[in-house]
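Hints given; two lone chains; assemble the complex.
Those protein sequences? They're chains A and B, same order as listed.
Position 773 of the first sequence, counted from 1, bears residue number 773 in my numbering, the numbering being contiguous throughout.
Position 151 of the second sequence, counted from 1, bears residue number 151 in my numbering, the numbering being contiguous throughout.
The hints are simulated quantities; they were obtained by calculation from the structure and are not laboratory data.
We put the CB at the ideal spot given by N, CA and C, even for glycine.
Check each hint, because a few of them may be wrong.
As the list claims (entries may be wrong) - Rough simulated footprint, nothing fancy, chain A against chain B, three-plus residues with beta-carbon under 8 Å:
(1) 64-76
(2) 172-178
(3) 284-295
(4) 371-380
(5) 475-488
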Amino acid sequence: MILVWLLAALALVPLISLPLTGRIGRRTGYPLGVVFLLIAAALVPTARDVVGGTPVTFSAPWVPSLGLELGLRLDGLSLVFIALALVIGALVFLYSPTYFQSGTQRGFYLIMSGFTFSMVAFVLSDDLVLMFLTWELTSLASFLLIARSGQAGEPASMRTMLMTFVGGLTLLAAVGLTIARTGTTDFSSAMASDVWQSDPAFTAVVAVLVAVAGFSKAAQFPFHIWLPDAMAASTPVSAYLHAAAVVKAGIYLLMRFTAIFHGVPIWTILLVGVGLFTTCLGAWFALQQTDLKKLMAYSTVSQLGLITATIGVGTEFAMAAAVIHTIAHAGFKSGLFMLMGIVDHQAGTRMIDRLPALRHAMPWTFAATAIGLASMAGIPPMLGFISKEKMFAAFLETPGPTFVPGLALGVAAFGAVLTFAYSGKILFGAFIDGDEPAPSVQEGSWLTIAPAALPIVIGLPLAFVVSVFEGPVLAAVRAVWPDYEGSVSFYLWHGVTVELVVTLGVFVAGTAIILRRARLRPIVEHPTFPKDGAAVLATVNRWLDRQGMRLVDLVRADYPSRHLGPMLVSLAVLIGVGSLGLWLVDEVAPLQSGLNRPVDLGILVIAVVGTLALCRTRSRIGGAVLLGGIGIAMTVQIFTLGAADVGLTQLLVEVLTVIVIMLVLRKLPLEFSDGIHPKNRRNAVIAVGAGVAAALASFTLIGRRERSAVADYYVENAPEVTGGDNIVNVILVEFRALDTFGELVVLGMAGIAIMAVLATIPRRFLDPRPDPSPESPATYVPPPVVELDAKGTRAYQALEDTRANTEALRLLQKPLVPVLIGISAVLFWRGHNAPGGGFIAALVAACAVAYVYMAKTADAPVSRPRTPVFLIAGGVLTALAAGFLGYTSGQFLEPLYGYLGPIGLYSSMLFDVGVYTAVLGLVMVAFNVLGTPSDEGQEPDSAAATDEEVARR
Amino acid sequence: MNAPYLPLFVALPLVAAGVASLVPGRLLHRSLLLLGPVLTGIGGVWLLSLHLTDMPVAVAQVGGFVPGIAIPFVSDTLTAVMLTVTGLTTAVVLTFAMRTGESSLPYFTPLALILTGGVNGALLTGDLFNLFVFVEVMLLPSYALLAMTGTWRRLGVGRLFLTVNLVTSAIFLIGIGLLYAAAGAVNTAALAGVAGEDPRVALGASVILLALLIKAAAVPVHGWLPRAYPGTSAAIMALFAGLHSKVALYAIYRIYTVVYDATSTYLPILLTIALASILVGSWASFGGDTIRRVLAFQMVAGVGYILLGVALSTAAALAAGLFYMVHHILTVGALILASGAIERTYGSGNLTRLANLLRRERGLAWIFGLALLSLVGFPPSSGFWGKVSLVMAATQSDAVVATVVIAVIIGASIISLLALQHLWREVFWGPPMELYRPADPLIHEGDPNRPVHLPEWVRIPRGDLVPAATMLGLSLAMFLAAGPLFDIAGEAIAGILDPTAYIEAVFP
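Same shape as in the complex, but just chain B (with noise of 0.2 Å):
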């Protein structure tokens, strides 16, 4: 049970990040940028082994003082999965963003290792308040990177991002407050259970609960994602798109099943945020200006169906939802970095401005296509099984919520199809394009926003393409390799279901 080396996970990045704020060189910058999260990756992929093996789970308390006392490090199936995706999508972003020359900028190796560690701590720790602080962490870098790069909007859309995180902060903490003064602990193995039965601490946790649904961009406060997030370069959004709202959405599904103890009482009003989402999400797709705008308002119908596994709480609806999320990283990866590599070809991800890609970009098309069919959940892809799955254990509930739910997916399924193939209209086919806006300055001349004659030869690299293919290939595997990823899934919420096990590790 003991395992001392997990606070490694937020160690480690952060040395690289030091070292990398210190030492100047390309190599190493890139070497470093890439190691902190692959390791990451094998590491939650190694912790994941264990956990399914002999050691279901793994603590470490740090400064090695009594349990209750010392801030615990607490890995279990769940936190490995989510190490495992989270380490990986960061590695396939970070090449994109070396592709594009961002990770050049400076100080940006220090900034994306201390968002690994960031995130890495908040998924391990198993303290509320510990959580806060890793959060914080996660997000100091993400507001210099958000601003960093992209096109001058990110300024505003940066003080945006700053303001709203600054606020969403200040919830988290008056939560954290409200539940130590009702409960008197911020352990999450210490609380497990206290929200259900004591009304107070479900006060309290609930406004935590809030400022992850604020992080994770849920209706009705889902607003600032998709004015922020499209605003930053393509690379910013998709590892935002990967880790933000993704380790929010993992914090609300810890906390509800192991502090709550998953008590039907307030399920009501979860459904309703997430059913709301999904809606609004899809609905809003259809007013997207630019690619990556649509692809926003995408991530907040599937915070919705990602949420649907907690609103549900059964075991069936939180695996589902889990796979879900996974699906949804990978997907909406790879049509952001699709659409990054769009952009840099061709100067713009603006749906008037683009057209008729399909004849130029045959593989581009290939990549966006099959990943769009998997946003809808259509076969081969890991959505099919995210909407299968979604909507089996939609059925399992009693009849009105079932109806009703079910009724929400098939609506907003077809308002979300004809919202995309919207786009794929106006990006891929229609007439013959004929301007574009280069970034080379021998042919803008200067001026990156003027508009200048398409030559037939312009095509976007090859390379810029690899990320998101390979995004888009895991998806793909996942369709496949189903089977064996939900029966990971199913380990992973028996585990937060039935917390026994993750108790006594902390508690021993």
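This is chain A alone, in the form it adopts within the complex (with noise of 0.2 Å):
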């Protein structure tokens, strides 16, 4: 329960950080050091009993079916890492009101405060979910640090995310990996699991996909580049991650899976080789560098490849040299990292070439730098200089063939002579060499230097006593071998032994360096590479920008074909290679007789040599007729099969569909603008293609089986069912209402969707203008001109005149439409029987609407405004009003029947009635939009209503 008690603790801290900062301002940093120090202090007894052997454990379900558990463990390993992140961040919270000289720094407290308490979340994960989760917490935070550090972090901030999140999605693959593997999301019972020894390449997988994922947070090559990245940000936040947060959660990480993975080669040469080659890599860079927090930066990484490398060689050993190392570098870099904040501040440059010689003017910073950077470089008696002998040794226990401790050993010396001479570089180059400084600069405030100095001041008595940290370093040795029986011991002479000499000649070889720092340092200071990472990546980015941009221009258009031909392509290879497979592996029914009919093949004719003429024609009236042509070939068809219900409705709507076309084009020029297209060929071949699929699979499935158990359900029982003959009739109106109701809404609808839709586009784009207008020409479509005889002739004036023209059609009105009405009526009628219904009823009615457009002088509207809404809203609103009937006897559109005297009576009919005035609604709509040429037809209010207007409301 103690574990729950910190996390909510630290997660209170960045709570209470907001009303804080907004009190005291950046002053918040010393009560929130205080905390950190108490809740230190807090965990001390426990830590006691963790050191002792037992670890604390904690758990509680979270997301039972991810198998994910709150599960919380507090043992040797952890105990290391959350006192370093807790007294690192106190230290560095106590530094950081006097280090800022401005803002409240509200978000850096909150900040800060929320990535400890991920930071402890992390260490203390015992579960494998939970420590991804947490480990992307502390990515998150870093990011957030680094990018909240103004202009400069932020393409740095974005490097640092990158590399963090690639570390992630490894770990997480790893997580998700081992957890399939194991069957369990406990980390301590996956590190059981005998999978590990049983499956050598999957156990090889994990562990590559475990140490990129610990590299990219480490910073090992080559990840390295984010962390030199990471200096944009304030000092402080520097401090923090170099020393006790993001970097050391990626030591963390391998420490903790060196207990699975400890043996396994590929983990070995992964860790050493790279850490090795990052701590040389690392410090030649810092040795090249002018600007001290980037030189300190490089020096991190370097640090960082040592401390992997030693976790690479994978002994129990080894594994005590990479901690007490970590908690030394804890240490003295996060001190160097404030004191050279400091330095920054005062002598208002970080830059060694414009340092002056600091070290009167800084006596006490220079003091405390120079302890720091004599543990940095392993100088006896530190604390740095215990850890890295430890290391140096634990080298020896490489292993691989006999060659390999040695040359391990001999590139981890290298390394640290490297190390020896930018350490050199510092304190030279800040405090002894160059001219005097001016008098302005003087030493930091105590406050500030207080803080910064203290973990590396503390190291100097820490070393005479080094035995102290031998407990908390067995304990965490212990949690990644529990079975571990030997023990840990840390001296500060240990007799004349292999290290030894190797650190003295490191010693030698550094003070060689430095003495010979004049004449070196211009062959060194300039780049190796001619590319650094940052600029590497921005290559990487713009190539995937590049080819990002190819795969947009691939779907770069506005004209459909562009995207009909992978859907009909898709549909072709689909259709196509199926139907071809169930005839391969003969899965084909056997067809039913008497299917083929000679009558079939004309109509076949007719359809292919209309669909052909249509895709030739230039003219649209043409393709207008075209279009109804194959439409009526279709209805012949229908027709001789016997359906004479959808063979009326296919016939009625192909009249329809043919007059709406004619009144849009109208307002079209009358010819198709461009008739031959450059990728017509492409797209014949693919619409045949698509046409021949589509054959092929009608025929491999269609007419291949008896009637289906439904169909005979209709044959059998429709007319006992509902009263009906009419079996199409009863399906749309009483068995399939509910599709047939659909439909409805949908025809209706597209009246509303037309009205909708022009009423938000001026009419004067709509309608052709008498002249292209200066100002949009591209909107401008020439008039349809016909050539006539000249005016006043009698065959101008029988076009021209439509007064005379329609005379005929007048006269016919008066007997043609009541008729007309009463044949729709009719068929309404009868439609439960026979042939017939609302649908069709309506689309007789609608003929005499469209005679009564074609009947009037002038292009005028067939009704009022809102008659045709009133007819669709209303014709919904009735069918619904049947649906809802239904529930009297039990469901929706449930039919009822019932006798009104001698006629029957079906509550279908109340439904086919609103088919029937949705339908002549929504024709209405047609004539009255389509059919006029002005604002007449449309709603008044509505028609100006233009963008502009929609953005004012």
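In structure tokens, the structure reads:
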């Protein structure tokens, strides 16, 4: 439970930081630092138990279906990292108020304390998923900290995020694989699984994934580039990031998983190889820098490489060395960072070339820095000396062929020489070499120096009582090797050993370099490689960008054929290959008899010829006529199959479609703008391919089974169940009334949709204009021109005199319209038993409407503007009413039957009324909106609603 | 089991649509506009509680005919989840449409309500032909909504959207025809497992799946979406993003698990499509010129992630895919609405015209930033669980599949991250913005495309950000409530993987 309290307390810190920064501004660092120290102090009794050998655990379910538990475990290893996070965090907080010169630094305190929380939660996680979650939280926090440090930090923060994101993904993959194979998300149980021994290939894969994850945070090559980048952040952030938080999360991960992977060759090779390479690379880069902060950053990269390599050795002894160096490094590096911050502040620069000799002006800073650097360089009697000696000794245990330990030690020693050299460079560059400083350069405030120097200075006495670390480090080692029976011992002096000899060699070589620094610096201080990491990343980014653009270009088109192409090709491939496959595996059922009729061939020829002609014609009217012709051919086929209802419907729809198309065509040029499109050939191939495939699929699947059970039911039971003899009609309005209802809504609302869309477009954009408008020639469409005889001739009058032309139509209107309406009524009534029904009846009535429209002398609306809306909405509501009526006997749309005297009544008739009015309404909309030239037929208020008005509202 | 009230999910929005077409009145319209989706959402929650306690499947045999003849409306846990999510999403998005004034366009209210009714019908129906009908009911108002709102480009892309969907509908219908020819039924419950056994039925049903994949915008038939959606307004894009592709994906989930019995025969095809969508969508995000076009490509990638659930077809993968779907609806919705808020104040969503919004717009930056983090899968957001659960599901499949899937997810995630970093850099960082394109005619003096000097006081009104913040808040809530939510997703998936209860409910 103490662990939950610990996390709860840490989670509260960011929350209290918000009001605190509001009250006391950037001085919030003091109370927060004290709170961290108090929390650390409160943890001491538990820590004693843990060091004594009893880990503290806690577990509660969180997402059981993913197997995720809120599993926490405090053992020796986590304890070390928690202590670092809290103590260094506290010091950084105490340092910050005087370091920052302005602002409340609300974001800094908020994210920093959130960061500490996620770091502690990470090292406490005993659940693989929780471990990944908190790992991501630390990534996020480090990104935010760097991102908020101004424009210089922005690109750097992006790179940091990318690097840690990559590591996060590989960790996720590792976690996922581990859970899948071991069947548990609990880290301790997963660790104990025997999968790791029985499946070396799997173990190797997970080992690589975990190693990459660890490298990404611990800034190992090639992920090392983010760490110097992160220097853009303010000094307290850097101090914390480098010493105690993100990078240490990477180290922790590698240490934790050593429990599983310590004998795995690839793990050893990766960690030792990459670690040692990074330590030399980092140290070399550090030596090249003239910016103190950048130098420190590369120094961190180098130190982390050393720790990583030591972990890779994979023995208990090496682990102890890695842990003690982690502690030592956290101490001197956090202190050095903060001290460099003071130098930067007081001297106004952190470039070695410009820095004066500060040792007299800033004696305290000088002294503390010197001690810190001594520790980093591994000079006795510093803690850094002890830990580095330990690591050197550990390298002698590196597994592998006999030359490996020696080689590892040699490379590490080379790195140490460079380390020694750059440590000297800092000391001499900042404090000893250079001119005397201006009198304005003064020592920093003790409030700043004290927290900065503390982690360094404390290392000095600790080195003499270094045995206090033995308990905790042993506990940390036992966290990884629970069965470890040996002990851990640290001495300042342990006799003349190989590592001591190596260390002495390092000192000699390092000192030699420092003494020749004036000559060496110009040779060293220029970039080794033509491109730095950021430039490489930028190149990758640009390449990805270009390829991404190509993917966008593939679909960058508003003309439909570009998008229909892939659809139809997919269809053709799917059903073509599928059908052929069925034939090949002989899964095709035998064809039913009596399906082949000569008449179908004739219809096929008509349809094919019509389609071909439609594709070739340039005349829009010709296109409309051909389309109608193809439709009629289909209608004929439907009639020959005996589906009178469907055929009638189809016929009427074809007629009305042609009329509506003609209404639109009047506003368009006579011919299609470009008949020959460059892609036409390809499109033709696609179209023919899709057609052939569809035909093949039809032939393969259709007409090869007995009548379905559903069809049998209709044939046998429809009249009895519904009282109607017309099966098609009762299917439409009773059995599948819901489908019809849906289509009714579609049809009716098509009318409303037309009105809605056109209402948002000013009419001047819709109708052809008398002449091209100068401001928008693109919208100009030349009016269709038909060559006529000269004005005044009889032929001219016959076409242009509308009144005379429509006289005959108007004469016939009087008798014809009532007849049409009568037919419509009859069709409606008989629908239940014979071909007819609401839809067909409405289409006949629509013909009457069309007739009225054409008989007018001018293009005028056929009704008042709102009438179609009433019809459509009324139709939908009527059909719904029929549906609700069904509830009286149990279900929505359940048909009711009754008698009014001798006449049979059906609730489906009400439904049919709805169909009737909605269809009629749609047709009226078409005439009103498309058949009129001006704003007539539109609601006046809506016609002018344009974008600007919408925006204004 | 008998639940005759299910058709009300369709009927009531349509009644409201009818009334709204006839009766004017701003207050009435606004109330109806919200009431439809909100009631749907509440109904969804209610159904969910019902399914999780004592009635796993609810059925209405519409018309009261015998089972198999009547068109069934069926609700199980999956349906209820979808009803809840789509209903609430629609409600939130429509509040944004109200703020922008789009809801006052003529006939907006009936069109939006019909869309709601169509979505509900498509989710509830247990009959594939009826599914086609309700997809049409969804589409018809969508044609109008797409072409009514947004810039002038809406008309060009409206034509594209219309053509693509008409052809898709034709493909859908061909599929139903072939399926009926092969199987002799279109009732989902009657078809259970048939396509898994009979390759002819599988061929017929696969055409339906193709149509649904086009609607969902999966690679290689994805191109229309990033062209069409950014051309309309943010509100409508958010609405479509949450409804259209997701209904199609829902149908794919149901058809593949129930009709195909989740057979492994065709999984390689689905897997290829899913992985290609993930990769292409992520990568193409680089090339987006506006915020919403980047998001449109991210939607393609999202479709891939959701399809991964079916493509692996294990209980864990399907549940992960379902969770991801809900996450994606909320996260992308939040981003689109936030982009809409930007466009409303600054007059453009173009990456090159926007800059340095971080300094001006703290609230927006928080919403946008967190939503982007959710999109790439960082905690504390729904995207984290989406990513984790999918990867964990992938690791449970066989070694080759797991390797390929994880490799693609890792690669695509990195590319996505870089693309979204690019988006963030362009919009929120960089040199201070100097020009903007205000909608206010008093400032732009008649030409809304003319850039005008950006005064210091210009800020996005708080209210414009509320809908986006609500969506984001739900995404963050999903992070905390992942436990119970995954339980529900597990229940929903159990119901389609073993449709016995579903079949017994339809054919008692």
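How the hints compare with the structure:
1. Interface restraint, the stretch 64-76 of chain B with chain A: holds (7 residues with C-beta to C-beta distance below 8 Å; minimum three).
2. Only residues whose C-beta sits within less than 8 Å of a C-beta in chain A count toward coverage, and the stretch 172-178 of chain B has 3 of them, enough to reach three; the restraint holds.
3. With 5 residues having a beta carbon nearer than 8 Å to a beta carbon of chain A, the stretch 284-295 of chain B meets the requirement of three or more and the stated coverage holds.
4. Proximity of the stretch 371-380 of chain B to chain A, defined as three or more residues with a beta carbon under 8 Å from a beta carbon of that chain, is established by the 5 residues found.
5. With a cut-off of 8 Å between beta carbons, the stretch 475-488 of chain B has 4 residues touching chain A; three or more are needed, and the interface restraint holds.
Figure legend: structure checked against the earlier numbered hints; every hint is met.
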